[in-house]
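Asker: Chain residues, written in single-letter form:
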Amino acid sequence: MAAWALLVRQVVSAALAAVAVLAGFQTWRPLAVDFATTAPTLVAITVVVMGLGALGRWGRWPGWTLVPVQVGVVGLLVHHEVTGTAWPTTESVSAFGAAIEGAVTSARTYTAPVPLEADSVGPLLLLGGAGVVLVTDLLVGTLRRPATSGLVLLAICAVPVIITGADAAWWTFVVAAAAFLGLLLWQHDERIAAWGRPLGAAGDTFPGPPPRRALTAVGLASASVVVALVAPIVLPDHLGAVRLGGRDGGGGEAGSDVEVVNPMVDLRRDLVRGQDLRLLRITTRAEQPTYVRLAVLNQFVGGRWTPGDRTIPADQVASGEMPALDGVSLTLPRTESDYSVTVWPDFRSTWLPTTAHVSEIEAGTEWRYDVTTRDFIAVDDDTSTAGMDYRFTGVHLDYDSASMDLAPSGASEVPDFYTDVPEAVRPDLTALATDVTADAPTRFQKALALQDWFRHSGGFRYDLTPAASLGDGTADLMAFLDEETGRVGYCEQFAASMAIMARTVGIPSRVAVGFLEPTRVAPRTWEFTAWDMHAWPELYFPGSGWVRFEPTPGARAPQTPDYTNVPLTPPTPTTSPSPTPTRSAQPTPETTAPTDESTPEPATDPDSDASFAWWRAGGVALVLLLVVGLALLPRLVRNRRRSRRAGEGIEGAWQELRDLLTDLGHPWPTGRSPRRTGAVIAEWLSGADAEAALDRIIAALEQHRYARTPGTDAPYDVTADLALVAEALRSGVEAEVARRATWWPRSVVSPSAVSSGIRSRVRDDDASAPPSGP
Amino acid sequence: MLDALRSLTTRGLALLSGGIATVIASMATGQAALTRIGVLAAVTPLLAAWWVARGRDRVTLERALFPRVVPAGTPSTVRLVLRNHGRSTSAALLLEEQVPAVLGPPPRLVLDGLTAGASRVADYDVRADVRGQFVIGPLALRRSDPFGLVELGQTFPTTTTLTVTPWVVPLAGQPTGGAWTGSGDNRPRAFATGSAEDVTVRDYRRGDDLRRVHWRSSARTGELMVRREEQPWQSRATVFLDNRSTAHRGHGAASSLEPAVSAAASVAVHLTRQGYTVRLVTAAGESHETQWHSHAADAGVAPLLQALALLRTTSVRLPDTRWLAEPERGGLTVGVFGAVTDADAAFLRRLHHRAATAVALTVDAHAWAQPPAPSGSAESLRTLHDTGWRAVALGPGERLDASWRTLSADQPTRMRS
Chain D
1 MAAWALLVRQ VVSAALAAVA VLAGFQTWRP LAVDFATTAP TLVAITVVVM GLGALGRWGR
61 WPGWTLVPVQ VGVVGLLVHH EVTGTAWPTT ESVSAFGAAI EGAVTSARTY TAPVPLEADS
121 VGPLLLLGGA GVVLVTDLLV GTLRRPATSG LVLLAICAVP VIITGADAAW WTFVVAAAAF
181 LGLLLWQHDE RIAAWGRPLG AAGDTFPGPP PRRALTAVGL ASASVVVALV APIVLPDHLG
241 AVRLGGRDGG GGEAGSDVEV VNPMVDLRRD LVRGQDLRLL RITTRAEQPT YVRLAVLNQF
301 VGGRWTPGDR TIPADQVASG EMPALDGVSL TLPRTESDYS VTVWPDFRST WLPTTAHVSE
361 IEAGTEWRYD VTTRDFIAVD DDTSTAGMDY RFTGVHLDYD SASMDLAPSG ASEVPDFYTD
421 VPEAVRPDLT ALATDVTADA PTRFQKALAL QDWFRHSGGF RYDLTPAASL GDGTADLMAF
481 LDEETGRVGY CEQFAASMAI MARTVGIPSR VAVGFLEPTR VAPRTWEFTA WDMHAWPELY
541 FPGSGWVRFE PTPGARAPQT PDYTNVPLTP PTPTTSPSPT PTRSAQPTPE TTAPTDESTP
601 EPATDPDSDA SFAWWRAGGV ALVLLLVVGL ALLPRLVRNR RRSRRAGEGI EGAWQELRDL
661 LTDLGHPWPT GRSPRRTGAV IAEWLSGADA EAALDRIIAA LEQHRYARTP GTDAPYDVTA
721 DLALVAEALR SGVEAEVARR ATWWPRSVVS PSAVSSGIRS RVRDDDASAP PSGP
Chain G
1 MLDALRSLTT RGLALLSGGI ATVIASMATG QAALTRIGVL AAVTPLLAAW WVARGRDRVT
61 LERALFPRVV PAGTPSTVRL VLRNHGRSTS AALLLEEQVP AVLGPPPRLV LDGLTAGASR
121 VADYDVRADV RGQFVIGPLA LRRSDPFGLV ELGQTFPTTT TLTVTPWVVP LAGQPTGGAW
181 TGSGDNRPRA FATGSAEDVT VRDYRRGDDL RRVHWRSSAR TGELMVRREE QPWQSRATVF
241 LDNRSTAHRG HGAASSLEPA VSAAASVAVH LTRQGYTVRL VTAAGESHET QWHSHAADAG
301 VAPLLQALAL LRTTSVRLPD TRWLAEPERG GLTVGVFGAV TDADAAFLRR LHHRAATAVA
361 LTVDAHAWAQ PPAPSGSAES LRTLHDTGWR AVALGPGERL DASWRTLSAD QPTRMRS
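Chains as they are written, first to last, in the numbering used here: chain D, 1 to 774; chain G, 1 to 417.
Don't take each hint at face value.
[What the hints assert, rightly or not] Incomplete in silico selection of chain D near chain G, CB under 8 Å:
{"no.": "1", "residue": "L154"}
{"no.": "2", "residue": "L181"}
{"no.": "3", "residue": "I192"}
{"no.": "4", "residue": "T216"}
{"no.": "5", "residue": "L235"}
[Claimed, not checked] Restraint-style ranges between C-beta atoms, simulated for each label pair:
{"no.": "6", "chain 1": "D", "residue 1": "E683", "chain 2": "G", "residue 2": "R322", "range": "56 to 62 Å"}
{"no.": "7", "chain 1": "G", "residue 1": "P75", "chain 2": "D", "residue 2": "V627", "range": "53 to 59 Å"}
{"no.": "8", "chain 1": "G", "residue 1": "T77", "chain 2": "D", "residue 2": "L630", "range": "46 to 52 Å"}
{"no.": "9", "chain 1": "G", "residue 1": "I24", "chain 2": "D", "residue 2": "E734", "range": "38 to 44 Å"}
{"no.": "10", "chain 1": "D", "residue 1": "V737", "chain 2": "G", "residue 2": "I24", "range": "35 to 41 Å"}
{"no.": "11", "chain 1": "D", "residue 1": "A3", "chain 2": "G", "residue 2": "S245", "range": "54 to 60 Å"}
{"no.": "12", "chain 1": "G", "residue 1": "Q98", "chain 2": "D", "residue 2": "P523", "range": "53 to 59 Å"}
{"no.": "13", "chain 1": "D", "residue 1": "V623", "chain 2": "G", "residue 2": "I24", "range": "20 to 26 Å"}
{"no.": "14", "chain 1": "G", "residue 1": "P75", "chain 2": "D", "residue 2": "A3", "range": "29 to 35 Å"}
These are computed hints drawn from the structure, not numbers from a lab. Glycine residues also receive a C-beta, built at the ideal position from the N, C-alpha and C atoms.
Only chain G is shown next, with the shape it has when bound in the complex (with noise of 0.2 Å):
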């Protein structure tokens, strides 16, 4: 109640103040007949205070996201399910939800009312058209009177977490050579060992060769089982961004960063269509949320993705080298690379020549600075070269598919040279 008191608005203060001077004025004065008046105006804020504040802590919320990663530009639905577990009706309800300015203006949303035990569902569209991690809530809710005499406030600390991947342009263009190579769990295996125990079986599927199944497994086992001819081989790309701060200029959603993101998420993607297994390799070396995974193509990407979104740029000067010392070599290797310097040779080489397949795109982050400084893809392109990269300039007003398209191109006659 002390609450709602609290929270009168200017129109119920005023009605309550001038009410009681009414009063007081009215009785001072011996005019009886203003006391009523005032007795109206000065009950009335009372009320309604008492009549808001009386279901207070009885309505919960729950708040999901669908779906909780969403690319750049695609819409996600916020449910907000409201139910008042209370015994008495409650007020007017005015919902706020608080996100960030990107998501757009704060949706808000009028509810009536809700009855004991009622349960309400409202629905509001967020879209960001920028990567990243947007932390939505928590929700303001205010109970109103319908006078608008009272307004009482209650936030809803809980949060959901909305996480934006980059843009992701499709690419077309043949993948750009690459390499069969596996490792570790996916070490290809001598087939033709002659020993039973050697060979891999799987269960009969209805359409296998008869030819096919393997008897001995298939007696062992009380299953139909048939052997495994072809043995899985994966793919390998290597995405290496390189996210340094002195590579990049620009602030924020304006810096030289976010074209660079958006190009290594558009190949990573394109990659693992592709049939690629794709991992991400940044100036502070290989995390492990994005190393090698062998799940379906859009399910590997996604980890992926969800890193290229939270990605910032780090201060250290040069790329960590320590993942290139694996004993695994080979595969295509695309280098996405902002300005690039003669200090970075020593790391080009070594990166290029770990792969068997290396391509690069480097964005011209000059022309990303404010103020805008003259084109340094020349330099960076030059360097590339030098080291033995197939490189192309992404600059501003560019197109990452038609630089890609190049690159693809581009592909047969350096890999005859």
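Bound-form chain D, shown alone (with noise of 0.2 Å):
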């Protein structure tokens, strides 16, 4: 080989790994701020070790001169780099390992991107870039192992993936993709031209030049990379749900199991434990399941919030449809979904997780509801949730925060025991709250002037290990509420305190006991821990029926619900506004509150679960429309062609009947006579009928081929006798044959099928041979 082209293939092979690499780099940009800094020296290390690379194979350099040479040179250029000047001396070595030091600290201590402020982390990111870029040259030049390079890719991608999880832009991978593929093919490609003598003379095939080999493998490429950009859209991605099928559960040794007979009892232990046990799965189509329900404390006796003494009717058993909300408006808007729930064996609980409001069940005979606090209970202490399936249909309310601020007290609606304040500290609270709430004008924005009291301007913290319980639950409450001693605790405290005190303002409350937030397991699965347990209150407003509300802080609950984020007239500081004022109800007494009043909920939802799932199922969507239309396409090409020749006479005819054929796999004799392909096509005709037919057909042909005056007989359709004669050969083939025939006509992708006219009418030389066949 000439020693050009031996540099232009070393180039070549060079230039595509140095392509593959850089894109590979692309992918780092999330981990550093400062990334675009860094870029430009990857840039130049990776044309440096390569062209010394590629040049060093052309010189026939030994490997183990030639990287040594490469490590050097990339050596000196990060040296540079990172310490601004060019040669190594005692002081710019010792700045160089403090540089990479402050670089890893920056990379112990922050979280990707890492910010400016730090020390910048561009020491690491070009020492881990060069050795990638002398490894991939390594084995592509050097050691002539490109597919083995793959691995260094897929490490250079995965790094960014794994530190931030964040996805590389799509076009990265393309490159990526396409430079690698390139390399493979270029490798295989010289493979093989070492291996045996090319026939490339030209002279020596019929018809036309060879197939090109670059470009099947763009074919072969391109094919790859869209199924390899569709197929996660396709693919669950996460295995959570295979993996969990066989309830192995996590934590199975014994003792490890989570157990709720009394909620707020067992709420902080199960809490503060060391393992975060899976408890329950949720598969519904509806949003993220938030705030799933266990339980309802609504007496506050003896300084804590207990279930009460339930005593539950035969009759309100947990199968069927369940009464009507309570409280709830039938104006307010509503969605319905269905929740299907697995419970782990580990997890045994008396009360059965649901949602708040819940319009039907089926949990069995041995679940029954509270008509009040609509929480469901075991009949006997023996019956526990542990390894429970059921569903029930869960009511999402669309509540609305101006007519909540308009609606009148609810302390009528609702049983006394929901409205009691021990006397023990009900002057206390009742002082604390009306100073808390002394901006607010209606009890909605009380509740809400209460919530943010909870969660900012209170001075309250979260912590899970609050102060030594004084053994007094009224005790505890108030040193909880005392700003001296306390304001620190968990979501218990926070409850508890908020429901109390808004029955000193004279709103109906109770504390909810349950689980927050899930972790999405695999799409529409939910999976909810023994971390995830929480407590809440509920407010009651007639018309919305019991409201939740969230006092805990940010720490442990970072959403407000919606509702309480709305901006109310006049402007309470209980809310940070929210950026979309979307209300624009006064909240005057006049106005009467339209509640029919479309609701727009912000489109845009920063947490988009949602607008994921429905990006997924339109590219399943997608593609699946693809695959069909795809899947129909020859076919309708294939009708299409075919009622076009219908007006095109006979001529059309015989192109069809050669469609025909080769549709039914067989093969189409070329250069013959059209009397000598019918004596061909005859072999796969059966029947007397179709042979005549065949025979009309051809003498057709001939006549308007050949004769001198075309069309001096009788007009003949052709058309009866193509039918004849296609039934006969379909029903000569097998039904998998026909079948694909119909669906997936190859003549659709043979390429003869627009000249063969032509070039039949030349090449048929020998019309006066004796007619043949049939």
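Join the two chains into one complex using the hints; note that each chain is given alone, in its own frame.
Answerer: As structure tokens, this is what we get:
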């Protein structure tokens, strides 16, 4: 091989490797804010290493000299970039060490992207990049193992994904994939060239030039890349569903069960335990199910919230439709969704986890519901949720803040105990609550004020290890609320305090215990663990029913319910103003709040799980459409061609016959006269009718082509004969072949469909051959 | 498709398994961003396998050999015609012909692929320096995808046989005497018996003397016929080749049989050129193919050379003598012997007795022995001379044409004596 050709080969190979690696480096962008300052050096390193490699291999340097030279040059380059001095001195080397150390510290301390104020992680990226480039060049060039360099590329791309979870732009993937496959092609090309003598001379091929291997490669590569881009949309991005299907129960050992009998008591124990046990899994098409309720504590006795003594009639079985929602106006917009719940065997609860509002449930006769609290209780102590499967229809209410703001007191609509405040704490709590809610004109705004006070303005802090219990619930409560000694606690205290303070300002309240927020384990599948357990207050507003509030600070519950984030006039200091001021409802008493007013939800959901699901659904639908379309396309093309030919007379019919044979897998005898072709076709025909029809077609064709004055005979309708022949041909092949001919006709992709008519006219020079065949 | 999957190369398997592992790992850890990398790695080999396997068994092979029989040292051309009867372009084809080692390294050809209906001709030359019959083929064909992920093997079982005849050394010198003899179909006829029916006539050709026109026959046939005044006579020679294993030493191409075969072939070709009809007789007797033929010289020697190409040693202890029982006698007999011992004296005497002229070449078989033994040509020559043969020895370094010239030059004196 000529020296220049060898150089070109080396340069192309090195360039492909460089492109692949650089595309991989592109995915490192999310690792550091100042990545842009590092990128040019990475490019320089890649170019230098690959260029040196290509030149060295062209000059036939042995690998053991080439690699050290590359390492040395790159080392100097990185050193210069980091320290600013060209040649290493004692100081510069120690400065280099310090920079690396700083980078390592930053990488350990900060999550990606590493901010500007930290020591730059650039040196670390440069070192890693240099190593990657050197290894790639060694594998691709010196060792001629381009397939192995795929592992290096995978490593490059995996680093940012594992560290940040960020997904790189799709085009970087396409570029890297193309370059990598190009490397494989290039190297295999060399291997083939070295393997044997190429039959390259055009002279000994008939017809036409040989197919281009590169074209095939491009086709295959694009197909692979497209599949790779589409597949993740279809594939589940988590094997959770598969892996958990066996119900191996994470902490299978004895004593690791989670038991909930007395919800409030068990709550803290489950929260602070070391193990994050999986408790239940919910599958639903609705949005992420949050605030799944276990039990409702409706009585405040002795400084503690308790579920009270429930006496539940035997007909309130948790099977079938539930009574209408308690206190909820029928005009309130609602959406119903199905939920199916699977409880792990480790989770033993005598309370059934459901959403707050349930319209229908199938949980078996061992569970009953309380008509006032709408929670579900086991009939006896032996019944528990462990290992249960059940389903229910949850109702999501679209609360209207304005109507809640206008709502009258609900005290008269609920049983007395919902407003009960023990005498021992009433004066203090009332004073405190009045103080907090002084600026709020309405009950709803008082509730919002309370929520904001707990979350922000009150100086509360979330901590799972609160001050030691004083042994008395009331004392504990007061200590928690006391500015000097307390205001540190967890959800239980926040929920309990807000609920009881709401009662002092005249809002019926209760405490709900359940689960806060699940983890997505598979599409539409959510899982709750022991650490997700939570408690929150529910306040009663006529027309809206029991409405959830979230007093626990953002450290635990980052989001407050949407309806508490709506600015009401006069603006209260309770909530941070929403960026989408969609409400214009004036809470002036004269205005009748239009409850049926369209309630435009903020369309942009920041945590776009839902929109992601839609994207995914759309993607799947698109792919399905594409597949169906592609599957139908050949047939459509074929039918279109057939109908077009119907108007082209005998030549069209002849073309149609040719395509028909192609479809059915018969070779079309080229370069023969119509009659000879007919003789071949006749072998596949069965039945004298069809053969006679074929003869008529051929006779008409011969007359059309060769007769001096065509068309002297009576006009001949070829369609019927063609149909006869087609039917006979179809019956002569296996059903499978016939079906394929219908759905995937080969003639659609056959290259010679168009030009054959002309060619056969030129070639059929033995038209005078004696008629043969039937 | 399954075949194609089975024929994934190491690279393809590595890519496939690595891809699947990556997909599983990324899904198990929830790192969805890595899934597509794994999918790409896993899908590419599968696609390549599908693409390679799709046109299978549609490529056919025809092999032709020009010429089928060549003298040793002369190249022969093998022509491969590959045709794609399928409806799709085939994958890149790597062809490897299986040929015996003596024909050189196996020819390897690369075809970028065949479009549907296309055919491709590939020529390559083979050359053997040793005589024998060589099987060319079968052809191993490997389909490869552009990335080297799949290599699907296929074998075309058809083979072609190449016959390589022994080295022939051009010999010089007048024929070493001989006899005009005939028998069978070529028995000489009494010519002038006077009967018209006995007159051999042939068609008139331009240039024939009008006086030779045989008018009676011409009248009868309606065409001009002329008398044939010359009668075809054959000059016959017998080449006897002693191929007993006891007479030769060494193995294979390095055995003393090879120079003996080469000498016999050279003598046969030389005598044929000189107008003799030559037959070959070996220690195993006369074979049907190498009996006297009455063809043109080159055609006549071809079966003989082919027989020589395939000749092996025989394990008989004494040469077959049945052919000597034929009534016909005389003619030229050339014997090519290996080591001759006293035990062969009776046979040699009988052979000599039968021939009008008998000359012998004795290959110094002992010189080919492993380990080399002292020359035994003196003993061979003595026995031959004792039984009346004119004989020369042929040692490893000696030239056949020189030895032959010696025998030719020897002739007049011996004839006179």
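Asker: State for each hint whether it applies.
Answerer: Outcome of the hint check:
1. L154: 6 Å, holds
2. L181: Hint holds; D/L181 Cβ to chain G Cβ min 6 Å, cut 8 Å.
3. I192: Check passed: Cβ of D/I192 comes within 5 Å of chain G, closer than 8 Å.
4. T216: 5 Å, holds
5. L235: 6 Å, holds
6. D/E683 x G/R322: 56 to 62 Å: 58 Å, holds
7. G/P75 x D/V627: 53 to 59 Å: Holds, at about 57 Å.
8. G/T77 x D/L630: 46 to 52 Å: Holds, since G/T77 and D/L630 (Cβ atoms, about 49 Å apart) stay within the stated range.
9. G/I24 x D/E734: 38 to 44 Å: Cβ of G/I24 to Cβ of D/E734: about 40 Å, so the range 38 to 44 Å holds.
10. D/V737 x G/I24: 35 to 41 Å: 39 Å, holds
11. D/A3 x G/S245: 54 to 60 Å: Because 58 Å falls inside the window, the suggested range holds.
12. G/Q98 x D/P523: 53 to 59 Å: 56 Å, holds
13. D/V623 x G/I24: 20 to 26 Å: Because 22 Å falls inside the window, the suggested range holds.
14. G/P75 x D/A3: 29 to 35 Å: 33 Å, holds
Hint compliance for this structure: every hint is met.
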